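Asks: Chains as they are written, first to last, in our numbering: chain A, 1 to 127; chain B, 128 to 552.
One thing to keep in mind: the hints can contain errors.
Said to hold, decoys possible - Cβ-Cβ distance ranges computed for the label pairs, FRET-style:
| hint | chain 1 | residue 1 | chain 2 | residue 2 | range |
| --- | --- | --- | --- | --- | --- |
| 1 | B | 145 | A | 51 | 53 to 61 Å |
| 2 | B | 187 | A | 1 | 31 to 39 Å |
| 3 | A | 124 | B | 210 | 53 to 61 Å |
| 4 | B | 168 | A | 124 | 26 to 34 Å |
| 5 | B | 154 | A | 51 | 41 to 49 Å |
| 6 | B | 167 | A | 12 | 24 to 32 Å |
| 7 | A | 12 | B | 137 | 49 to 57 Å |
| 8 | A | 118 | B | 317 | 54 to 62 Å |
Hint data in this document are derived by calculation from the structure and do not stem from the laboratory. The model shown is predicted, which means the values in this text are computed figures rather than measured ones. Note that the Cβ used here is the ideal one computed from N, Cα and C, for glycine as well.
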Amino acid sequence: MVQIIKDVDELKTFLKAAGCKLVVVEFSAKWCGPCQRMYPLVHAMSLQYRNVMFANVDVDDSRELAQTYHIKAVPTFQMFKQAQKVTLFSRLKRAICCNGSGFMGEPIFEFCGADAQKLEAKIQELM
Amino acid sequence: MHQAALLGGMIQDAPHYGWAIQPVLHDWRTMAEAVQNHVKSLNWGHRVQLQDRKVKYFNIKAGFVNEHTVCGVAKDGKETLLSAEHIVIATGGRPRYPTHIEGALEYGITSDDIFWLKESPGKTLVVGASYVALECAGFLTGLGLDTTVMIRSIPLRGFDQQMSSLVTEYMASQGTRFLRGCTPSRVRRRPDGQLQVTWEDLTSGKEDMGTFNTVLWATGRIPETRSLNLEKAGVNVNPNSQKILVDAQETTSIPHIYAIGDVAEGRPELTPTAIMAGKLLAQRLCGQSSDVMDYDNVPTTVFTPLEYGCVGLSEEEAVARHGEEHVEVYHAYYKPLEFTVAERDASQCYIKMVCLRKPPQLVLGLHFLGPNAGEVTQGFALGIKCGASYVQVMRTVGIHPTCAEEVAKLRISKRSGLDPTVTGC
Chain A
1 MVQIIKDVDE
11 LKTFLKAAGC
21 KLVVVEFSAK
31 WCGPCQRMYP
41 LVHAMSLQYR
51 NVMFANVDVD
61 DSRELAQTYH
71 IKAVPTFQMF
81 KQAQKVTLFS
91 RLKRAICCNG
101 SGFMGEPIFE
111 FCGADAQKLE
121 AKIQELM
Chain B
128 MHQAALLGGM
138 IQDAPHYGWA
148 IQPVLHDWRT
158 MAEAVQNHVK
168 SLNWGHRVQL
178 QDRKVKYFNI
188 KAGFVNEHTV
198 CGVAKDGKET
208 LLSAEHIVIA
218 TGGRPRYPTH
228 IEGALEYGIT
238 SDDIFWLKES
248 PGKTLVVGAS
258 YVALECAGFL
268 TGLGLDTTVM
278 IRSIPLRGFD
288 QQMSSLVTEY
298 MASQGTRFLR
308 GCTPSRVRRR
318 PDGQLQVTWE
328 DLTSGKEDMG
338 TFNTVLWATG
348 RIPETRSLNL
358 EKAGVNVNPN
368 SQKILVDAQE
378 TTSIPHIYAI
388 GDVAEGRPEL
398 TPTAIMAGKL
408 LAQRLCGQSS
418 DVMDYDNVPT
428 TVFTPLEYGC
438 VGLSEEEAVA
448 RHGEEHVEVY
458 HAYYKPLEFT
468 VAERDASQCY
478 IKMVCLRKPP
488 QLVLGLHFLG
498 PNAGEVTQGF
508 ALGIKCGASY
518 VQVMRTVGIH
528 PTCAEEVAKL
538 RISKRSGLDP
548 TVTGC
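Model the full assembly from the supplied sequences, consistent with the hints where possible.
Replies: Shown next as structure tokens:
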């Protein structure tokens, strides 16, 4: 299933809950034809890849969030993943980042366009 | 929507070219959704561009507090005070409802609404003679809807009147009904939901009535200045038009406040013109240039079913300015190639070039009525901006087969009295 994300706080929560899993966030718009075509395909992928978390952000409903992630075109797919290797340093870093007000969560990969094959290939590569 | 209507016409032409087409229906909803989605994508594009250029965007409705400060209210009621060294007003205009007509506000719609209707407007009465009125009536007719245009006096006021009457002639030949010299007195809603319009025929003085599903007001636009509190800033407006008075630098009565676009007095109400004026203003404010906007020879096109593109002076303006003896008008009727096989009536396909009579015969205005008029006019507008003469236009080799080449082939003057109609079948 694809989680609808409304704002920065919801995205933070979602990313945190994902743990080490790959997170795929689609930024889309209701007026965008290619986005409409992708909906069922992304939904199908969310059912197929159970260890990957899927979310959707509507760029009109969540303008601030779209702005924060510099979305210029739709659909844009951004993928997030926390560091898998847990070292003392990364544990410390995580503690500092999460406790501070600074926002974590830089996408490790991003692409624009309604390319389902490209999306699936990248998911398989990163998951 | 104009394109949707044109496609309808092309579908009708198609069998002549060998395409076997079954009767085709038009679905308003599909078209409206596509148009609405496109508009929304444009709004998105603008927001992205502002973001990219690090422009702070406040989605608030504001008015002046004093000449350097504006106060704005957001949707949630939150107030924001903003002050600036320079302020540019570009609030544009809105369609005007003829509120003196009973029922106008309650039962009629404007061009703002037509693109957002979820259902087809059905049998429509368009009141007005502006390009908005004629363009709307044109595509509604093209989509197969029963359409009537009510004109009080003349069509396309401000445009060349000979061209304007050819525009309406073509529309009439395509099935648009015209009620000339009439003005509406009231609109009522019948129990069955339809609208009953009563109007007066100004020549006979008689009253008449008609029933429509939709009434579209296209009787003029008013500038968005009412809620700006311009008095608080000392910005002057023309008391009749309510538009902001500006000089050649777009400056208002207050040195650091400027106005561009439809809200400013004496400007052509065209988007590209406002955009260019804005860019030049920005460059001047940043000290990058001292160039001022040239409002002369601005090309434009009326996207009626048969399109009318023009740049420069109308024939009547040229005659008024220079005198009839000093003006030479070359003209020709022509038949677009695409009309021949499809057996379409090309009686109104016409071109007129207004020039100074004195050699080399500077081109004062070009008027083109035919398919793709916008594309045709855009190219020639450059020539006219560069001061093209009739001689230079004649030395320009035409591209064949096009409609545009007919401009370069203009030889017959009105003064000669020779027949400008097409030769051949």
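Asks: Each hint: holds or not?
Replies: Here is what the structure says about each hint:
Roughly 57 Å separates the CB atoms of residue 145/B and residue 51/A, a value that falls within the hinted 53 to 61 Å. Our hint of 31 to 39 Å for residue 187/B and residue 1/A holds, since their Cβ atoms are close to 37 Å apart. Under the hint 53 to 61 Å, the C-beta atoms of residue 124/A and residue 210/B, about 55 Å apart, fit the expected range. In this structure, residue 168/B and residue 124/A meet the distance hint of 26 to 34 Å, their C-beta atoms being roughly 31 Å apart.
Taking the beta carbon of each, residue 154/B and residue 51/A are about 44 Å apart, inside 41 to 49 Å as hinted. Between residue 167/B and residue 12/A, the C-beta spacing of about 28 Å keeps the proposed range 24 to 32 Å intact. For residue 12/A paired with residue 137/B, a C-beta distance near 53 Å keeps the hint of 49 to 57 Å intact. Our hint of 54 to 62 Å for residue 118/A and residue 317/B holds, since their Cβ atoms are close to 57 Å apart.
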